[in-house]
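K.L.:
These are the residues of each chain, in order.
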Amino acid sequence: MTVHNIRHGDASDGAFAEAVGGRLSRVDGPAKITGAAKYAVEQQLEGLAYAVLVESTIASGKVRAIDTKAAKAAPGVLQVLTPDTIISLKTAADWFGTPPPDKPYCPLARDITFSGQHVAAVVAETFEQAVAAAALVKVSYDETPSIVDLSDGKAGDGIPIDAMTKEWGDAQGAFASAPVRICAAYNTPREYQAPMEPHGLIARWEGDRLTVWEPSQWLDGMARTYAEWFDVPFENVRLVSPYIGGGFGSKALALSHGAVAACAAKMLGRPVRLVMTRPQTFTGYGGRAATRQTVTIGADAQGNIQSIVHRGVNETSIDGMWVEPLGSVTSIMYATPNFSSKQNVVRVNSVVPGAMRAPGENPSAFGIESAIDELAYEVGIDPLEIRLRNYAEQDPHAKKAWSTRQLREAFAAGAERFGWSRRSPEPRSMRDGNQLIGWGVAAGTYPVRRAYGEAIVRILADGSVEVESSSIDMGQGTYTILAQTAAETLGVPADDVVVKLGDSRFPRAGVTGGSRLAGVMTGAVYKAATSALDQLVGLAISDPRSPFHTLQANTLVVANGRIASPRGDGPDVSIAELLKSVGRDHIEATGDTMPENSTPEERYKNYTTIAMALPHTEGDYSRHSWCAHFIEVRVDEDFGTVRVSRVVSALDSGRLYNPKLAESQWKGGIIMGIGQALLEEGIVDRRHGRIVNNNLADYLVPTNADIPDIEVISVGIPDLHSSVLGGKGVGELAIVGVAPAIANAVFHATGKRVRDLPITLEKLI
Amino acid sequence: MRDFSYLRANSLDAARQAAALPGAMLLAGGTTLIDLAKCGVAEPDSLVDITHLTGLNSIDVNERGATIGALARMGHVADHADIKSRFPAISEALWQAASAQIRNMATIGGNLMQRTRCPYFRDPMNFPACNKREPGSGCSAMGGVTRGHAVLGTSDACIAMYPGDLAVALVAFDAIVHLGERQIPVDDFFLLPGTTPDKEHAIEPGEMITAIEIPGTAAARRSTYLKIRDRQSYEFAAASAAVGIEFEADGRTIRDLRVALGGVATKPWRARAVEDALKGKGLEPDAVRAASLLAIQGAVDHGANHYKIELAPRVVARAILRLGETA
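Protein chains in written order, with the working numbering: chain A, 1 to 765; chain B, 1001 to 1327.
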């Protein structure tokens, strides 16, 4: 197949499941279902010791003293690490690769800036001994007042982030003179990725070589960080992460607990395992930052937007910086001649927030997609109609054409399937007994983040194929779509392709985040496989020992693992037979999507930082995925409980490499969005600055009973401006817009506008 | 988690003797005990495993009532045909409790011993003050995050909510807890916190729950358990009600009414005032709603849990009216 011959990415794509675009089931599924898949901390290593973290119980202040006497004397204890006893590390560069300050890094804290900060660690012969001894470590503090969260009186207005400012026209002036004006504030709480597999690792040193078995969304980035911390060559660090029990953005970086474990292993001269407890996963790294947004929209009497003024704030930590780009959807979803968006960040005593499925776009959409709904009611037109009336025909911010934008098609397909035209417009006008019924719509979008990757494709003597890449599969289906890509490109059955991922010894890849991996890696594998195929066919044509040598052919066809002439007038042999006849035990080719003539330095920087990712508005086009969610809720009029009873979402992720897996990811995003809308919130004890619902019984994520049938419709078309094979981002898109669609449905059901997530019953009772 | 000794009891007497020793705890399904051990609340010196005792997991139902052995699993009781037909509120309460995996492990006796989900109680490292855990140490919950705390039966010492479902239904239908030979009404088995929130049950060292007996009544036969919660499954009640009704021969006058509340009180909460207000009356929606307000007589909120005071009477009213509809 050539790139010119690409079919649509919907469910009708792909003549057979094993081709790109086919519905091949997850090739890693059986290993996971049967337990054969070995996760990071399941490695059985000789001499393994166990580390357990001790965390701060105050949110702000200094460690006065750490009494380790009792812990050291406890059975089985090998080591108690404190800021005074742990070995000194170097500060590593951040993920942009910014040169770090030349000062030591200590993963255990003396200065406390949040509750749950790592202050000490105990290493023992068994996990139970380490747990028991960790409880005996007595830490005393000099406590200082803390800033609890964004609503804390001491928090202030925060730091303006000028890079987030987006302005055109005269937004304030146009708003002042607009006949219809709405202005509202929208808040989202701290949310947590809550992957099933908690964060943890096994670290082992052999001389100055470090092996780390750790779930990772970015092997090369994390390997670089470990290498810089310990001041060893990058090549000396090996990250191993073949299977990952969910990441959602939280497993992309090497974190302080990893440094603690690697230090302990180095100091002890033994491999050390450290796994966070579930409560520690709420403070050991950051979830989604809490956000506040004010959205003002000025429009004419027909609902045509004249101006949008947007102000956003997100929380960050006392000494770390996290910007959740709140104007990202606001600035591109609707056509407006006048626009202003600005953002501040506010320092609070919390762990530095981090990436969580669609950082920025997710809360941004909650603001603008709620506000436009409010505008629809203010003007008195249908919430779907107002979106079409203000449809952005080009990127209003970048002033560039969309590469592809099938959002109008998404609205149409979703509305049709959902039955939107039967909606009764008035709030509280649909009910079933005690249940108030509401229908809401909202759009979502996510930019196409592009970066680079490498892969090796190896055709082995038996005709089977190996694909190797240091990219990863955290459940989204990388193993499967790369098998499909290699199978189709080479003309072999997907069953004959073994994809090996999750080892930093393999050809490199950038971060698996921002929904970029599938587009990057299918491109790299496609190129490597094409190159391998060229070699194979070249050998078959030119090698004197080849049965095709006498045919004088220009090319040959490889299909289903067999080689033949295009006209079918010559020999027909298996790949294995051909390789045997020409005396080769394998053919190997490397492919990458880097620019030609890239230097080794550029390659290293690309794979170990995010500095070289291409902007989504690079060149002539603005590239994004799009979606429209149509959601029905049922709200009990007495109890205020909200249940989602129907979801129809139409999505444009461009070409789908595997519709079955894309649909699964979309549904997962929608389910996570339902959780965000109705359940998820890190609740802080304001006196202690501590998250108290730090477990999966109290931090609620949806159960099966909370999730109705979800229908997803692909409306994408191949977008070759976005990726080699025409796909756009899948994983993050679908969560964007779910929460506002639910909030809008709740308003339609009840007449109450809830602008603070989650929409819990006391807000409606 | 500290080391403890483990004893597998081979007779009821042996179990009771071993459990009477200081620092000893009984181990049945383990679903609460292991959870509490992991968060550092339960630190037993010895565990007495009673899961191998025989004769304690039967479910006997006849005209007089039901007797459920202490080691019967929640899932088995929930799915028992006679429990479903004669005590629907019991079955429904169990079905809506915990998760399938927990119900398959947890026992009925252990269920009664389930402890509060108060996050301050469950985190000794960060919140040393807890009168329930360390008598006299204070209460960390008051002034803190109280969305899930009790509004009924609280004291100056403790506002921790009783989290269970089954016992709410048991209280409604006057179940009896068998502690070997000693038998006490389930309503008396659960203690108010008062000044001693550490003392949750009227059970003495050396005693063990052996069975629960539920009298067979017409009200139990027409009963339901309505549980309202943030999440549709695997979630504790925001407010719940166990309700049973017996009508007079006219089919509309209430002869007997049972109402108990969950998710709002420091113990399973019988609402006799609601029962008394409606007995002898017809099932008029307005009257039912007015009477249901009596369910939260004396309720005191601690800020974020105020919604429970609004919610609980509505849950009671809905449950009563729903039962009436099936008349």
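Since the hints were derived computationally from the structure, they do not count as laboratory data. Quick caveat: nothing in here was measured; it's all calculated off a predicted structure. Heads up, the beta-carbon is just placed ideally off N, CA and C, and yes, glycines get one too. Just so you know, not all the hints are guaranteed correct.
So the derived list for chain A, only partly shown, Cβ under 8 Å to chain B, looks like this [to be verified]: (1) Ala135; (2) Leu679; (3) Val692; (4) Lys752; (5) Asp756; (6) Thr760; (7) Ile765.
K.L.:
Given a cut of 8 Å on the nearest C-beta pair, is the interface hint for Val692/A held or broken against chain B?
P.N.:
holds (4 Å)
K.L.:
Less than 8 Å between beta-carbons is the criterion; does Asp756/A satisfy it with respect to chain B?
P.N.:
violated (14 Å)
K.L.:
Tell me if the interface restraint on Ile765/A is satisfied: Cβ within less than 8 Å of some Cβ in chain B.
P.N.:
At 5 Å from the nearest chain B Cβ, Ile765/A passes the 8 Å test, so the hint holds.
K.L.:
Is the shortest C-beta separation between Ala135/A and chain B less than 8 Å?
P.N.:
This hint holds: Ala135/A lies near chain B, its Cβ roughly 7 Å from the closest one there, short of 8 Å.
K.L.:
Answer holds if the nearest beta-carbon of chain B is closer than 8 Å to that of Thr760/A; otherwise answer violated.
P.N.:
holds (6 Å)
K.L.:
Less than 8 Å between beta-carbons is the criterion; does Leu679/A satisfy it with respect to chain B?
P.N.:
holds (6 Å)
K.L.:
With chain B as the partner, please determine if Lys752/A meets the hint condition of a C-beta pair closer than 8 Å.
P.N.:
At 14 Å from the nearest chain B Cβ, Lys752/A fails the 8 Å test, so the hint is violated.
In the structure shown, a violation is registered for the earlier hints numbered 4, 5, in ascending order.
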